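Undergrad: Heads up: the sequence lines are chains A and B, in that order.
Sequential numbering from 233 applies to the first sequence in this note's numbering.
Sequential numbering from 159 applies to the second sequence in this note's numbering.
Don't read these hints as lab results, they were simulated from the structure.
Hints are not guaranteed to be accurate.
Not everything, but these chain A residues come out facing chain B in the computed CB check (under 10 Å) [as the list claims (entries may be wrong)]:
(1) V247
(2) I254
(3) M265
(4) L280
(5) D284
(6) K286
(7) L290
(8) D306
(9) L311
(10) S320
(11) K326
(12) L338
(13) Q344
(14) G436
Keep in mind the model is a prediction, meaning the values are calculated, not measured.
Think of the CB as a built atom: it goes at the ideal place given N, C-alpha and C, for glycine as much as any other residue.
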Amino acid sequence: MNKPEQIRTNEFFNVDIAAAYIHDVKNNLNFLMTKADLEQDMEAMQVLMDADFKLNNLLVLYKAQGDMLSVQVDAVSPLSMLRMLAVSYQPITKKQLIVQEGDESLIAYIDQGLIELCLGNAIHNADRFARDEIHLSVKAEEGMTVFKVSDDGDGYPANIIASGGSQVAKSSSSSGLGFYLSSKIASQHVNNGEQGFIRLRNDGGAVFEMFLP
Amino acid sequence: MKENKDKSVLIIDDMNTARSSLRITMTHLNFGKILCVSGVREAMEAIGSKDYDVILCDYYMGEAADGQQFLEFLRSKAVIKSSTIFVMVTAEQGYTHVMSAAECAPDDYLLKPFTAAAIQARLARLFDRNKALAEVFLLHDEEEYSGSVLACDKVIAAKTPFSIDAMRFKGEGLLNAQRWTDAIDHYEGILAVRNLPWAKLGLAKAYAGDGQMDKAEAVTRSILKDNPKYLAAYDFLANILRRTNKKKEALEVLTSASEMSTKSVSRQRVIGAVAYESGDLEASEAAMLSVIARNKNSPMREASDYTTLSNIMVEKGQAAKALGVLNEARNALKDMPDADRAVVSSVEAIAHKRNGNHPAAKRSMQEAMSIVTSNDNLSENLSMSLAKACLENEESERGLQLMKNMLQKNPDDKEMQAAIKAAMLSSGIASDMVDSIIKSNLAEVQEINNKGVLLARNGQFEEAGTLLKSAASRVPTNQQFVSNAAAIILADLEKNGFDPTKLQESQQLTKALQKLNPSHPKLQSLLVALDRISKKNHVDHEEAALE
């Protein structure tokens, strides 16, 4: 009998092969996305985006489990990043994406690609529960950059809040996996002995927050 | 999307379906001019005939080079303007890490699958950035680095989202302007807030420029300790080791970097050069062979790759093989510039001679000499190749004159002296003779300067000016010649009355000095004196300089 560890390091399946397959599938998705985009077929775009998130999550999860998830921090304008995310995701949701005004000169020290992935997950998640609006904001608080994605829906169920997002991976639901990865990615952001984390709470709807040192 | 109408886009992707779907998207976004090409060759033709505002390039190009190699080529050779937006298209988020750890990163990434809105959002941000940094880019491309630093300060003070971009460009500007102390302060300021690898690399470069090689090495090594995949730091560490004569160590660092990223042709070139300097002809030959093989049929190939390889082969006693490589160069690069052609002919002249074909050697020698009519202002590579060919082919007088100019360009350049010594010895000049030629050529710099200063002190400004001006035009990179020529003409103006031609001469020399060494000790006093004389004689400083 093979132990699970042996399966993971099997010579026929490693991170490069996984990445190569995902690469090909993403090219396929991109072809379909362009088509759906032109035809303004929002439903198809949502399905494609959902498939994309699942692929990303799969790869990040795989890397995280093999300790191959490397975080490369750079100086980023977080407000520009949020605006860019809002414009990018608006065509695939009927909800209104609203970026709150903030300090234009704010600088965040983050791995932009990975944080965009987390916030994308959060927007995707909020889309299912929001009534009309999804709000995005960023601010600096006690040496941390705090990203917030909030909606005007019914809020998270009590069990998700209780788990703080870190336990939900065990339930294989895609939102649970998204929270798990976000908390994993946040915790890899470290500065001066401080570690990043996520927080889930309800405040007139579901609130997803990422605190990054 | 209105502003897209007057913007042009170049799309580079080897896959037909991907190309056409990008074209559809960009058409939908209302871009004015869209051109799709499948590879580097066509892309170079397109860029050669028109400046594109945006280049969308797929990371996979289906060629030996990938998108990152192509970007490095475009930026390092300044084929595209600083304001040209280069966006890398990729399906794998992991590659963004590879790219941002390289010497030059793309302006942004586009991860597949993407919507038209996503492209628009990213490009709109970059168009805004270009507006904010327009002056910075313009001055940077004109090599007016101190001006571009001032322009960066304005952007930083304006508290826009582009202050990070401005801080990066400011660092580059300070390094380019050789303002080492300012650059050290700038990067230390950034690092005080956060340990960012690019800022550390900038700091290391500033230390190295300032001659603090130990500090430069320590800082670069500390980047690699925190970020073992930061390729740009490997390259710079190798650069430091090479300059501090630790060639073997430099080679080891470069080799480990090229194992991590196998596609970099420019790193192979450096491996070839360092191996050659360390006397390892086999390794050098292997590296250059791989450069040529990888760049086969690519517009990124360079004549010097072929001539470097031929030189190695000649040294290994394989002149016939070297001639084959040179022939390949002539076929592969039919429209190479004259300067490259002259190098090819020069190396050919040596190879034919060593191969025993004297008439052919003579023909190649004559071809080289007919292309290069003057000894002044030649590139180091051309000077050296031509000089070596001359010494081997009974043109010793011209050969020695070329070597004299090279020695006098920078009398402190020990590597140059060693290279010239080796070339003279290999052409059969006796060792004691070689030493005395080098010594007298170096001494002559001091003699000319002393003579000029003495003439000026005796009031013979005309003679002093003529002497130093001709020395400065023969060796325009010798800072002592240039600064003394500028100073003597100024003294002449102050003593003997105003002359607009002389003022202009002095201005041009001072400008040249500023380019050679922005922190030259005499530069400030020259600028002040020029300004005073211009004002006294009601000459607009800038206008006179531009005439």
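Undergrad: Take the hints in turn and mark each one as holding or not.
TA: Here's how the hints hold up against the structure:
no. : hint : result
1   : V247 : holds (9 Å)
2   : I254 : holds (7 Å)
3   : M265 : holds (4 Å)
4   : L280 : holds (6 Å)
5   : D284 : holds (6 Å)
6   : K286 : violated (12 Å)
7   : L290 : violated (12 Å)
8   : D306 : holds (6 Å)
9   : L311 : holds (6 Å)
10  : S320 : holds (4 Å)
11  : K326 : violated (14 Å)
12  : L338 : holds (8 Å)
13  : Q344 : holds (8 Å)
14  : G436 : violated (28 Å)
Of the numbered hints stated above, those contradicted by the structure are hints 6, 7, 11 and 14, listed in ascending order.
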